[in-house]
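Kindly produce the complete structure, drawing on both the sequences and the hints.
Note that the protein sequences, when read in sequence, are chains A and B. Sequential numbering from 4 applies to the first sequence in the numbering used here. Sequential numbering from 3 applies to the second sequence in the numbering used here.
If you're looking for bench data, these hints aren't it; they were derived computationally from the structure. This structure is a prediction, so every number in the text was calculated from the model and none was measured. Among the hints, erroneous ones may be present.
Stated by the list, open to error - Across the chosen pairs, the derived CB separations fall in these ranges:
1. B:Gly42 to A:Asn25: 17 to 23 Å
2. A:Pro11 to B:Lys72: 41 to 47 Å
3. B:Phe12 to A:Ala13: 25 to 31 Å
Glycine is no exception: its CB is placed at the ideal position from the N, C-alpha and C atoms.
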Amino acid sequence: KQEVTQIPAALSVPEGENLVLNCSFTDSAIYNLQWFRQDPGKGLTSLLLIQSSQREQTSGRLNASLDKSSGRSTLYIAASQPGDSATYLCAVANAGNNRKLIWGLGTSLAVNP
Amino acid sequence: NAGVTQTPKFRVLKTGQSMTLLCAQDMNHEYMYWYRQDPGMGLRLIHYSVGEGTTAKGEVPDGYNVSRLKKQNFLLGLESAAPSQTSVYFCASSYPRLGSPLAKNIQYFGAGTRLSVL
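Shown next, in the form of structure tokens:
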């Protein structure tokens, strides 16, 4: 059974720091992996999607990498800003059933001015 | 462009009452999902639909029913509410029919419904 783990559960950094959020998964037979952002009291927004054949995806200050063989993905945020404060969730679609996502519990990020 | 709209935003029920949560999407998406989000347990899939007139069970379907009579709407019903169903409920949709299959997992979420069952 696929399990998705995110470490750390919470992170607090000063503004301007570069930071890395981690996501690990137990079954390497994935279809894709996705990073979402959730702001307090709101829904989720998809940030980056990496197909199983890809190694990384970039959007602005965000870069997500994927290493299927080790079951890991990282989300790199460059030059963090207070507006980046949110919970970041990782979700995996399995190769055998790619209609559903398996979710991690998220990393709660606080960027302090 | 409204995206995914959930109604109501908040609701308080007494144990045993029933209610229906409505999800509407205006993106012509094929797939729709209902999740619940609880502290320490993350997002759990309740039911989902891969097209009009179809529904399927997710991880935690007991105590809930769904219907997708129209492509743009996905209803979640609580037959007899229990305190264990106190949660935040999210609806999501994905996969425009004429879009790339690679995008089928990019889910668009509503703002959520906060439900308390007393």
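A quick look at each hint next to the structure:
{"no.": "1", "hint": "B:Gly42 to A:Asn25: 17 to 23 Å", "in the structure": "holds, 19 Å"}
{"no.": "2", "hint": "A:Pro11 to B:Lys72: 41 to 47 Å", "in the structure": "holds, 43 Å"}
{"no.": "3", "hint": "B:Phe12 to A:Ala13: 25 to 31 Å", "in the structure": "holds, 27 Å"}
Figure legend: structure checked against the earlier numbered hints; every hint is met.
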